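Asks: Use these hints to put chain B onto chain A, whose structure you have.
2 protein chains.
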Amino acid sequence: MRSQFKNQLKNLNVKLLKMGAMVQEIIEVSIKALANQDLEAAKKVYLMDDKIDELELTIENECMRLLALQQPMARDLRVISTIMKIITDLERMGDHAVNIAKVTLEIGSEPLIKPLIDIPKMARLSEDMVSKSLDAFMKADIQLAEDVAHDDEAVDDIYEAIYTELLEMMIEDQSIIKQATNLLFIGRDLERIADHATNIGERVIYMVTGERVEIN
Amino acid sequence: MRSQFKNQLKNLNVKLLKMGAMVQEIIEVSIKALANQDLEAAKKVYLMDDKIDELELTIENECMRLLALQQPMARDLRVISTIMKIITDLERMGDHAVNIAKVTLEIGSEPLIKPLIDIPKMARLSEDMVSKSLDAFMKADIQLAEDVAHDDEAVDDIYEAIYTELLEMMIEDQSIIKQATNLLFIGRDLERIADHATNIGERVIYMVTGERVEIN
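These protein sequence lines map, in sequence, to chains A and B. Quick note on the UniProt record's numbering: the first sequence kicks off at 1 and runs consecutively. Quick note on the UniProt record's numbering: the second sequence kicks off at 1 and runs consecutively.
In isolation and in its complexed conformation, chain A is listed as follows (with noise of 0.2 Å):
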């Protein structure tokens, strides 16, 4: 019984994973159709969030089942709760992405008001996160889990950086504002995305320590 819930709970990590894997790409592709204004890619955005929401649902049914069939003890309870706790934060950033797509469909192909240097170094920052809390999960790392937290304080510096410099691009030439609303809110989307990484972080402390946490 014991070793075969192991399984497959081994099962289940490689899934969550993948599921990880494809939202540092889906973050990735969202941003690159910004800077590319690359339509096309935008709306390939919406179809790779299908995907990450059905592999959520597989995910949550697989762990239901496990937890029904197998009886699992305290702590594999807790790891299993803290599954169906990442994969509701890793689905979140998915659509954060697809609204990051959405904006850039507003954009179209109309010039960007400035080169984006900031919003790409947010993203970059955000996928590491994804993948550095989702490595201290498989191995239960408090250490690596509060880095995460860390890395989040300096998305939300360049985030507060962003905020700054285009209210006051919006103040001297109003023509901009419009778009300029628009990579705000992508920038607030970004800073989203990297809560949600630092909840994942603050789970996995819980999952091993029983202590709630905000890091941040």
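Check each hint, because a few of them may be wrong.
The list treats identical chains as interchangeable, and a pair is accepted whether it falls inside one copy or across any two copies.
[What the hints assert, rightly or not] Calculated cross-link-like contacts (lysine-lysine; reagent style DSBU-like; alpha-carbon spacing at most 35 Å): (1) 6 with 102; (2) 121 with 15; (3) 139 with 15.
Hints are computed from structural coordinates only; laboratory data are not their basis. Just so we're clear, the structure is a prediction, and the values are computed from it rather than from any experiment.
Replies: Just chain B now, with coordinates in the frame of chain A:
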């Protein structure tokens, strides 16, 4: 065993309704704090959110215990996984109310650039959606669940109107850009709150029919 399960499920439902009521309250308090520029009330929102987070964990732990001890059957499994998803959505609504409070504190006592009519209207609609979506869950009522999605369209329409209005105001008068952006963020938070209620509706449909739907 079965009647014990039923009893524990009933207890869970009571807690779930309580969580729903707390979420309705936090939305209301956050918007009243904004409208009255009541910074003390805005600070209270943070504490209210802590209580919501605590209740979420309590309900989640009870769900996990129930799953592990009672080995529920297929249909009951689906009810419990639905509860676990609903509490995540409710918890996220609390986070959005905190965002609203944060913006309210940032606006501080600086005069509002416009009388707030649409934002409180969105808030009221969202609160109704929360109670309607939980009602749909309790009654396993697909029709009610679909109604929530229709309400969501109304919320989206109001958000679009707010967006257009604020954008026009900013273009006319740059001195208000900062506050207008802040109000836009609040509109977006309310829109997301309504989305979470819609998620709950979709989940109820999935629970009842086994079909995954996206109703907007």
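Asks: State for each hint whether it applies.
Replies: Hints and how they fare:
1. Neither within a single protomer nor between protomers do residue 6 and residue 102 lie at most 35 Å apart by alpha-carbon distance, with minima of 41 Å and 44 Å respectively.
2. Within a single copy, residue 121 and residue 15 get their C-alpha atoms as close as 28 Å, which meets the 35 Å cut-off; across copies the closest is 42 Å, which misses it.
3. Proximity of residue 139 to residue 15 under the C-alpha cut-off of 35 Å is found in both arrangements, the shortest distances being 16 Å within a copy and 34 Å between copies.
The earlier numbered hint that this structure contradicts is number 1, and it is the only one.
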